[in-house]
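Based on the provided sequences and hints, a complete structural model is requested.
Protein chains: 2
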Amino acid sequence: MASSDTLAVVFAHIEANGSTFLDRLLAYLRHSSISAQNIGIAEVGALLVEILAKIGLETSLVPTDGHPMVVARWQKAPGKPTVLLYGHYDVQPPDPLDKWLSPPFEPTIRDGRIYARGVGDNKGQHFAQILAIESHLAVHGTLPCNVILLLEGEEEIGSPNIAGFVEANRAMLRADLAVTADGPRHASGAAAIKFGSRGVISFELRCRHAVRDVHSGNFGGVVPNPIWTLVHLLGTMKNAEGEITIPGLHDDIEAPTTEELAAIDALPLDIEAVKHSLGLTRLDAPADRPFYERLCFRPTLTINGFHGGYGGPGSKTVLPNEAMVKCDIRLVEAQDPEDILRKVAAHVTQHAPEVEFIAADAGMQPSKTPIASPFTAPLRRAFVAAQGVEPLLIPAGFGSLPGYVFTKILGIPAFVTPYANPDEANHAPNENLTLDCFYSGLRTGAALLYELGQLEAP
Amino acid sequence: MASSDTLAVVFAHIEANGSTFLDRLLAYLRHSSISAQNIGIAEVGALLVEILAKIGLETSLVPTDGHPMVVARWQKAPGKPTVLLYGHYDVQPPDPLDKWLSPPFEPTIRDGRIYARGVGDNKGQHFAQILAIESHLAVHGTLPCNVILLLEGEEEIGSPNIAGFVEANRAMLRADLAVTADGPRHASGAAAIKFGSRGVISFELRCRHAVRDVHSGNFGGVVPNPIWTLVHLLGTMKNAEGEITIPGLHDDIEAPTTEELAAIDALPLDIEAVKHSLGLTRLDAPADRPFYERLCFRPTLTINGFHGGYGGPGSKTVLPNEAMVKCDIRLVEAQDPEDILRKVAAHVTQHAPEVEFIAADAGMQPSKTPIASPFTAPLRRAFVAAQGVEPLLIPAGFGSLPGYVFTKILGIPAFVTPYANPDEANHAPNENLTLDCFYSGLRTGAALLYELGQLEAP
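Protein chains in written order, with our numbering: chain A, 1 to 458; chain B, 1 to 458.
These are calculated hints, taken from the structure and not from any lab test.
For clarity, every value in this text was computed on a predicted model and none was experimentally measured.
Please note that the accuracy of each hint is not assured.
Stated by the list, open to error - With a cut-off of at most 20 Å between alpha-carbon atoms, the simulated EDC-like pairs for lysine to aspartate or glutamate come out as follows: (1) A:K316 / B:D95; (2) B:K343 / B:E243; (3) B:K275 / A:E322; (4) B:K343 / B:D252; (5) B:K408 / B:D339; (6) B:K275 / A:D213; (7) A:K275 / B:E354; (8) A:K275 / B:D213; (9) A:K275 / B:E322; (10) A:K76 / A:D176; (11) B:K316 / A:E204.
Unchecked claim - Ranges between beta-carbon positions, derived for each pair: (12) A:F357 / B:P93: 37 to 43 Å; (13) B:A428 / A:A36: 39 to 45 Å; (14) A:P96 / B:D252: 48 to 54 Å; (15) B:E243 / A:E167: 50 to 56 Å; (16) A:A255 / B:A287: 42 to 48 Å; (17) B:P93 / A:D252: 53 to 59 Å; (18) A:P313 / B:R282: 32 to 38 Å; (19) A:T281 / B:S277: 46 to 52 Å; (20) A:P313 / B:R212: 21 to 27 Å; (21) B:L269 / A:Q37: 53 to 59 Å; (22) B:I244 / A:D423: 44 to 50 Å; (23) B:S277 / A:D65: 43 to 49 Å.
Claimed, not checked - From the structure, some residues in chain B lie toward chain A, with a derived Cβ separation under 10 Å: (24) V200; (25) H209; (26) F398.
We put the beta carbon where it would ideally sit given N, CA and C, even for glycine.
Take a look at the structure:
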């Protein structure tokens with residue numbers, strides 16, 4: 001069979017079985033698996049093992065200190081590359097329930113979209129990968145390349161155990177590249193390949209001066225105010241021009257490569273549309289920094305919340321005794337979360353020793369894969385074959401995914417190939433995946449295996 | 001009758017009737033009169049008219065746009081000064097009720113203290129003044145000087161109508177001085193005369209950028225953060241050294257006089273005790289500014305509350321879309337609330353035009369009477385006669401009372417002669433007045449009338 005025919009018959013199988021595949025996805029979505037509340041996790045882990053074993057993969061449920069990992073493998077293509085396909089079978093809690101137009105775990109199709117919790121993030125996307133594998137096996141009895149499927153049950157709670165799991169199972173997870181189908185396409189609706197993601201750390205700043213609130217007249221000017229202390233501390237951490245001013249924070253940032261700068265120059269951008277959709281009159285400072293440069297190559301210091309003192313109606317002449325701030329910092333290659341946490345803590349100690357610094361957790365490392373990777377070309381071809389379009393190349397996803405476990409622990413290139421529509425409403429009510437995105441994702445997954453099979457193992 | 005005997009027989013009458021006077025105070029305290037909730041105000045106004053008419057004062061209940069003023073007068077001492085005695089018959093709401101050891105409107109005596117809502121603030125204090133007038137009349141059939149008693153029913157809700165009332169009734173309120181018995185003695189427990197009070201304005205700063213909260217990864221660095229906007233704006237309003245940096249704010253401040261500086265030097269001060277009682281490790285910046293200078297002669301900019309974004313447990317990588325800050329500024333002579341509000345608003349417009357500035361109300365003006373007033377000596381003598389001690393002289397009370405209606409509208413000197421114990425717990429559960437403070441206040445009120453009667457009308 002000619003090469004192009006090999007893939008064409010898989011596409012034909014997908015076409016012929018489209019309605020069955022959709023029914024099976026809907027059945028999968030009916031099982032809730034909320035990691036934050038440990039609801040349905042064990043059941044869905046067992047269900048996946050059953051599904052994957054049935055289509056011919058060597059499957060196991062591997063315990064961790066948290067929820068188990070589902071690992072399935074097919075390695076009967078000697079001389080061919082091995083791809084590690086990552087996804088997660090846990091979903092966000094569905095609250096607020098009253099905002100859903102149909103129940104979150106009763107998948108419903110309306111206007112060409114499937115509505116269900118987890119349909120985009122991430123069940124619909126990794127189920128498409130599974131069906132792509134199944135379709136190759138159904139048609140050809142074999143796969144074009146070797147596959148390791150790794151499905152995590154804790155992504156929505158910060159992947160606390162994946163680094164330890166990958167560290168401990170390097171041999172079992174040995175692969176040539178990792179591919180994650182998660183998140184939405186580019187905001188323009190165009191297909192995209194992402195070459196990494198920003199890391200993140202979260203922390204709190206807490207300040208308490210007096211043992212109780214006091215009267216602003218009787219004590220104003222004498223008793224220190226924790227809100228002022230935090231305002232002045234924050235003012236030393238980022239200036240009004242938008243530059244983070246914590247010493248050493250920018251030390252390890254890798255300058256973007258010529259290729260990466262060219263890639264962001266090629267991304268569609270309609271700033272007026274972005275501003276209009278969010279009701280903004282301006283973007284954040286600094287005004288002259290290019291849009292995608294901010295999102296791909298720069299760290300951020302976001303205040304997530306600030307709370308202290310009186311917030312009710314009218315006025316209250318109180319001098320509050322405590323206040324707190326929550327922040328996150330998005331990290332770019334090659335900032336290290338632990339190093340950055342240390343630098344922030346040292347800065348706080350120097351400028352406001354009375355303020356308590358509390359790191360929320362260890363954070364997540366950034367990850368980045370060179371656009372010049374030898375796997376970029378086959379991935380692009382897969383998109384062209386499956387969707388008829390060249391994908392955009394995004395140097396780093398803006399949010400944080402655990403891609404660093406592949407690039408930094410396994411030392412392999414890692415790619416994100418998002419299949420979902422930009423308005424998938426992940427983490428929100430009425431999460432949805434268009435039928436087009438589901439089927440084009442399924443075809444892309446099939447084409448990906450085919451294109452990797454055209455290569456020799458590195 | 002010799003002069004000293006004139007007062008001695010009044011003191012003897014007070015001594016002889018102490019238990020009856022206490023019973024009458026307890027009866028008065030049983031009537032709640034909560035201005036914020038308009039509970040009992042009309043009843044207590046009518047009750048006061050009845051009490052005051054019965055002891056021989058020409059009494060009226062004067063309507064305002066809010067709660068009525070009780071005005072009572074005795075003006076049969078031609079050639080003698082006229083004193084305007086101010087107080088307020090409204091009280092704070094008693095919440096939280098579960099913190100009271102005995103019900104707030106069932107006055108209870110424990111360990112030499114009367115516990116009841118309003119006993120210190122201000123019923124016990126103006127009732128002592130009323131009983132002092134009654135005692136003079138009972139013993140001598142006359143008063144040593146002319147008296148106008150003005151009892152307001154809206155002090156606890158910011159005295160919104162007193163300025164208009166005083167403006168409109170200048171003739172009726174014509175007096176040579178005003179004396180207010182309200183608030184506690186000096187923190188040391190010593191008797192004190194206050195020569196004014198700080199003014200106050202309150203305002204809100206509100207900022208909203210996007211129409212909704214966004215994800216800090218997908219939009220951090222691009223979408224402006226209202227908390228950062230407010231942090232940077234606040235940083236331009238007061239620096240970390242404790243200096244207010246709003247242009248023009250200090251323009252009209254009157255430097256303290258030599259007499260006022262000498263007065264604050266003479267005030268007892270135990271900074272370690274202040275710090276210990278509030279659990280502080282330091283006072284507010286600037287570290288080198290004298291304690292009482294801060295409280296008497298300097299404006300303050302207090303952040304009463306700051307609220308925006310996530311404040312729950314754990315972390316949430318949200319970029320919030322709105323935030324708000326509530327502030328007050330204590331004003332000193334001769335800062336004008338409207339002028340200061342305009343200057344703050346102009347500063348906000350200049351530095352953060354996106355931030356909405358909302359003045360809470362018109363504010364309250366500061367007031368100050370010179371220590372060199374000819375009425376200072378008779379007031380001091382009254383304290384010595386009644387309590388056997390020289391009162392401390394405090395140039396300006398730290399909180400805000402509507403004394404400006406006397407100094408600025410009527411143009412007469414105004415004094416505050418607080419009778420309550422420093423731990424009176426006004427505005428708090430278990431408000432109390434010691435029996436000693438009640439009786440010594442009553443004696444001081446009597447001595448005050450006597451000493452003013454020793455003067456000729458100016």
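Here is what the structure says about each hint:
1. Distance check on the hinted pair: K316 of chain A and D95 of chain B sit about 15 Å apart at the alpha-carbon level, within 20 Å; holds.
2. At roughly 16 Å between alpha-carbon atoms, K343 of chain B and E243 of chain B fall within 20 Å of each other, so this suggested pair holds.
3. Between K275 of chain B and E322 of chain A the CA atoms are separated by roughly 16 Å; this keeps the pair inside 20 Å, and the hint holds.
4. Pair hint K343 of chain B plus D252 of chain B holds up; C-alpha atoms about 12 Å apart against a cutoff of 20 Å.
5. Using a Cα cut-off of 20 Å, the hinted pair K408 of chain B and D339 of chain B holds, with the two alpha carbons roughly 16 Å apart.
6. Of the pairs offered as hints, the one joining K275 of chain B and D213 of chain A holds, with about 14 Å between alpha carbons and a cut-off of 20 Å not exceeded.
7. Distance hint between K275 of chain A and E354 of chain B is fulfilled; the C-alpha atoms sit about 15 Å from each other, no more than 20 Å.
8. Of the supplied pair hints, the one linking K275 of chain A and D213 of chain B holds, its CA atoms being roughly 14 Å apart against a limit of 20 Å.
9. Restraint check: the Cα-Cα separation between K275 of chain A and E322 of chain B comes to about 16 Å, which is no more than 20 Å; the hinted pair holds.
10. For the hint pairing K76 of chain A with D176 of chain A, the CA-to-CA distance comes to about 15 Å; that is within 20 Å, so the pair holds.
11. Annotation: proposed proximity of K316 of chain B to E204 of chain A holds, straight-line Cα distance about 11 Å (limit 20 Å).
12. At roughly 39 Å, the beta-carbon separation of F357 of chain A and P93 of chain B lies within the given 37 to 43 Å, and the hint holds.
13. For A428 of chain B and A36 of chain A, the hinted distance range of 39 to 45 Å is satisfied, since their beta carbons lie about 41 Å from each other.
14. Checked against the hint of 48 to 54 Å, the pair P96 of chain A and D252 of chain B passes, with Cβ atoms roughly 52 Å apart.
15. About 53 Å separates the C-beta atoms of E243 of chain B and E167 of chain A, a value consistent with the hinted range of 50 to 56 Å.
16. The supplied range of 42 to 48 Å is met by A255 of chain A and A287 of chain B, whose beta-carbon atoms lie about 44 Å from each other.
17. Between P93 of chain B and D252 of chain A the beta carbons are some 57 Å apart, a value that agrees with the proposed interval 53 to 59 Å.
18. A C-beta distance of roughly 33 Å is found between P313 of chain A and R282 of chain B, which places it inside the suggested range of 32 to 38 Å.
19. At roughly 48 Å, the beta-carbon separation of T281 of chain A and S277 of chain B lies within the given 46 to 52 Å, and the hint holds.
20. In this structure, P313 of chain A and R212 of chain B meet the distance hint of 21 to 27 Å, their C-beta atoms being roughly 23 Å apart.
21. L269 of chain B and Q37 of chain A have their C-beta atoms about 57 Å apart, which keeps the hinted 53 to 59 Å range intact.
22. The hinted range of 44 to 50 Å is satisfied by I244 of chain B and D423 of chain A, whose Cβ atoms lie roughly 48 Å apart.
23. The given range of 43 to 49 Å is respected by S277 of chain B and D65 of chain A, whose C-beta atoms sit roughly 48 Å from each other.
24. At its closest, the beta carbon of V200 of chain B sits 7 Å from a beta carbon of chain A; the interface hint therefore holds under the 10 Å criterion.
25. Among the interface hints, the one on H209 of chain B holds; its C-beta lies about 6 Å from the nearest C-beta in chain A, closer than the 10 Å criterion.
26. Taking 10 Å as the C-beta cut-off, the interface hint given for F398 of chain B holds, the closest approach to chain A being about 5 Å.
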